[in-house]
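**Student:** Just so you know, the protein sequences line up as chains U and D, in that order. Here the first sequence stands for residues 1 to 130, numbered as in the working numbering. Here the second sequence stands for residues 1 to 452, numbered as in the working numbering.
Source of the hints: derived by calculation from the structure; they are not laboratory data. Computed from a predicted model, the values in this text were never measured in an experiment. Please note: incorrect hints may appear among the correct ones.
Which stretches of chain U does chain D cover? Using the computed rule of at least three CB atoms under 8 Å from a CB of chain D, they are [unchecked claim]:
| hint | segment |
| --- | --- |
| 1 | 25-33 |
| 2 | 37-43 |
| 3 | 76-89 |
| 4 | 94-105 |
| 5 | 108-114 |
Built from N, CA and C at the ideal position, the CB exists for glycine as well.
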Amino acid sequence: MQLELQGRIIKSGTAEGIALVSALPIGFLGGVDPETGVVIEPGHPLEGQSVAGRVLVFPTGKGSTVGSYTLYRMALGGTAPAAILNAESEAIVAVGAIIGDIPMVDGIDISQIQTGDLVRLDADRITVER
Amino acid sequence: MSNTLRLTDEEQAMLGGEAGPGVQKAMEIVAALGQIYGAADLVPVASVQVAGVSYKNLGDAGLEFLQAWAREDPQGTRARVPATLNPAGMDLRTWRELGFPAGFARQQEAIIAAYTALGITPTCTCTPYQVGHVPRFGQHLAWAESSAVSYANSVLGARTNREGGPSALAAAITGRTARYGLHLDENRRATLIVDVHCPMTSEADLGALGYLTGRQVGNGVPYFRFHSLRPADCHLKALGAAMAASGAVALYHVEGMTPEAKDLDPIRAASCSAALCNPVVKRSGQSPSTPLHCGITSSPRDSISHGTPTVVVDDLTPGYAALNGTCEQIDLVSLGCPHASLEELQAIADYLDGRRVKAALWITTAYLTREVGLARGLVERIQAAGARVVADTCMVVAPVAALGFRTMATNSAKMAFYTPSHSGLSVRFGPMEQCLEAAVTGKWTVKRQASI
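Same shape as in the complex, but just chain D (with noise of 0.2 Å):
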């Protein structure tokens, strides 16, 4: 490994040991990716997100994993900076009357007391940003949660890696996180640009765009240019969560809106490589079609350099049939991924009055949002329904299939992507209106020729 990695008096301290076990242990992990990353020093970090709460997702394996890291010194092992926990498999206080079996519960219980025992305020929502939890612009911090991740490095131009669940844990414990990445200025500019010409309706467009992309543009740095829209903060939600699932983005910019793609010039010249640059999009048991084609553009009108790749999306379609399967008959539709903010639970509120749900429907989100959701009046209308406001989880990590669960509809590419190989459901994905239709009729209903 090079040793091009400084550490300060204090650092080396902790590597040696001197503040107990389970901060050597932590430091061990914040010092080995920053030799292997090239990192010139650690940089201390404003908040820790942590990934890995769900014991759907950490299993046994996990769970001890978590306890063995304090069992040594617990005193001594606990969070140096503000910390926040991403959902947990259950909703935390409601589980029983869901129907979340015991067994799993108990695990899972032992999982946040593992956390809170380190000192990680248990928010269990990968929106911390909606529930006080701001990271401002330019500040160093390192959370997990591919999501979250790509809302504060680009809505909000803060700058963190896509830690690992463990390398969060670490860089909580430590105060740390390598300086590499998205820490430095060059590697934030845009690699690809991303020229949308369809119309974009809803969020669930912008979640089959960023599938899209996120499958062409890797770890990539996509460059958005939207011609009818200016995109709300849902979706902005939806585009990242997308783009991160179905590839590595941590950050992208929207001409014209956010911070980095205002301040900077956010393009950089690049060759274009044939990873980036794949003009014919297969999909499996699709004919082929050429949705996403390629050219070196430059433009008249602004400062795009020869060489910097750009992609046309002229068609949503191939995003929207991926994402789809074939199921009729729906028994949970699902909403809330990214959780549902304030706004959210309101339109969802203004759609069901009057109306009952014949599919479950539950609407994840944060516990806090779900209080004054509550204070509002808004959860009571929800339920009035036959719906629900779940709070701490969402339906990619609790067990959606051992709560009886088949088929589901939803309007988060993220969930849609992950959901079949992950739960083993069958989905369908379309905008939030579709889907609460869906909730009332029990069925999914075709639309409009770009969602499926």
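The following block holds chain U by itself, in its conformation from the complex (with noise of 0.2 Å):
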């Protein structure tokens, strides 16, 4: 199965990663490790799974201002998505991506992927293959 979305560039690059799908908001800072990309929020469904060098795919971010800091640790150190694909951006996670240099893509609708698909990002095309 192959799908192909397009959605609006908040960070232009190319990735590619196996896609982990949440379908709640992350909060970065103190939502995620930043030594090793692990989701540590208590009760959040990807909680104990590694972000790093994932198409991580969410609706949209919350929490802490200073998760765009965190973002751009996680790119300096390795344990950054590959990529990230949201519903709906907002200003914390978008600013984190233009400074980690971490491709970026939103208006996308995530409910058309699952954990486990393989996800390209060219610019603002994904593609979905299952």
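Fit chain to chain and form the complex, with the hints in mind.
**Tutor:** So, in structure tokens, the structure goes:
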């Protein structure tokens, strides 16, 4: 199965990876361990899973405005997602992606993507293989 | 990217590097956000609050990022508008006697130096509005720090989005931010009515309410209707901080109280989307309960349109349950998130007179508030009980585990929410008096039904 989606560029780039999909928002400060990339927010659907190198798919960001720096730290430390896809982005994750050079697109119908899908991103075009 | 963003000649020049490379980099961030969010133009800002200050959060990567920003052009890369700073990871003056590690302190001081060199005032508080930096109704701002954003928008009627740490800094250096989101009238209307039926008796109740509402509403604009309480400032601080942490709430209204709830018709007709109305609130480890039920209602008393979703809150127990661990021994009682006001210092001093604490009790506040507290003898009374008034920091952004603490009690829902994952401590949450009692006995005592 192959699916093509198109969104809006937040940070332009190309990337490829296995999707990790959350139906709930993600707050990076305190929600993700920047050293390991593991989601640590208690009760979060992705709790215990690492975002490192994954195409991270979630509706939108939440929580602390410092989250931009958390993403930046992860990018420099090699624990950042390979790319970020949002239904509707907000400034904290967007700025983190911009300064961390993490390809990011929003305006995506994230219900079309499942954890485990192979996802390729090129500017605003997304290809999903299952 | 769309090309709908119009820049003035001066802004174009900044983007082109005519004001130096530091300003150029700042304008790139501001303009990128403007294009992303379809802003028509940029808006000059009256003030900026910069987040991303604690070395615990920034790390070496963040420090390097700050230093690199101004490196090529230190003289030209400075704040153009009044800009204040969020709490740091330690008390800047008394960190040594409080036991903060020296290596941490050195890096933290380097961060403060980098911000000061950029022309940012090191107020180091999440409550600039409590220490003289008070926005006016309708002013456009670029504030980061989610609880301060919530207060400025909701309680003061100023206008700011939830800026990211770096985007607030970029706004300080350019004096502008993109005119989108909450800078625009149409985005400031309520999207969800929260009808609070249960009794609200403390700032912790407001925090628990905020925690539940934040999870429910995400980045929506809640409109609160209280029946038994006229919220005081400490209540609104707690409510806004909690919602901004568990959700992404940057603006809320309180019927009959906050400025835009009175001046504008705050309810906009909205279709009841599944994202907003989730009648069953599940918590891990909890049996399913329905403390929040949702219905489309229109009340004969006021001007709510059909289709505006309403959520009724009649039970805060799930909020308290989610924010409470199971620890009984308490190492540290942490008050002052958001930073304590003078009134709160007064209340704490009154309670502590004639008492001694067994647990560590740290009350975090702005440096300026502590100075006034010193002058009024409040700090001396608090210290006589063995407690400390700590400036410039808070226990969310300080390295609490490195300080040797393993369990914490707090009256802040924001702190209770962040601490287990961000700091690795076990937490108890309840009103100030319950926390103060835990400080004196060293143990958490279960109280009335609504707290755990």
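**Student:** None of the hints should be skipped; say for each whether it holds.
**Tutor:** Hints, one by one, checked against the model:
Counting residues of the segment 25-33 of chain U whose CB falls under 8 Å from any CB of chain D gives 5; the rule of at least 3 is met. Closer than 8 Å: that is the beta-carbon criterion, and the segment 37-43 of chain U has 4 residues meeting it against chain D, so the requirement of 3 holds. With a cut-off of 8 Å between beta carbons, the segment 76-89 of chain U has 3 residues touching chain D; three or more are needed, and the interface restraint holds. Coverage of the segment 94-105 of chain U by chain D holds in this model, with 5 residues showing a Cβ closer than 8 Å to a Cβ of that chain against a need of three.
Check on the segment 108-114 of chain U: 0 of its residues sit with their Cβ under 8 Å from a Cβ of chain D, so the three-residue criterion for coverage is violated.
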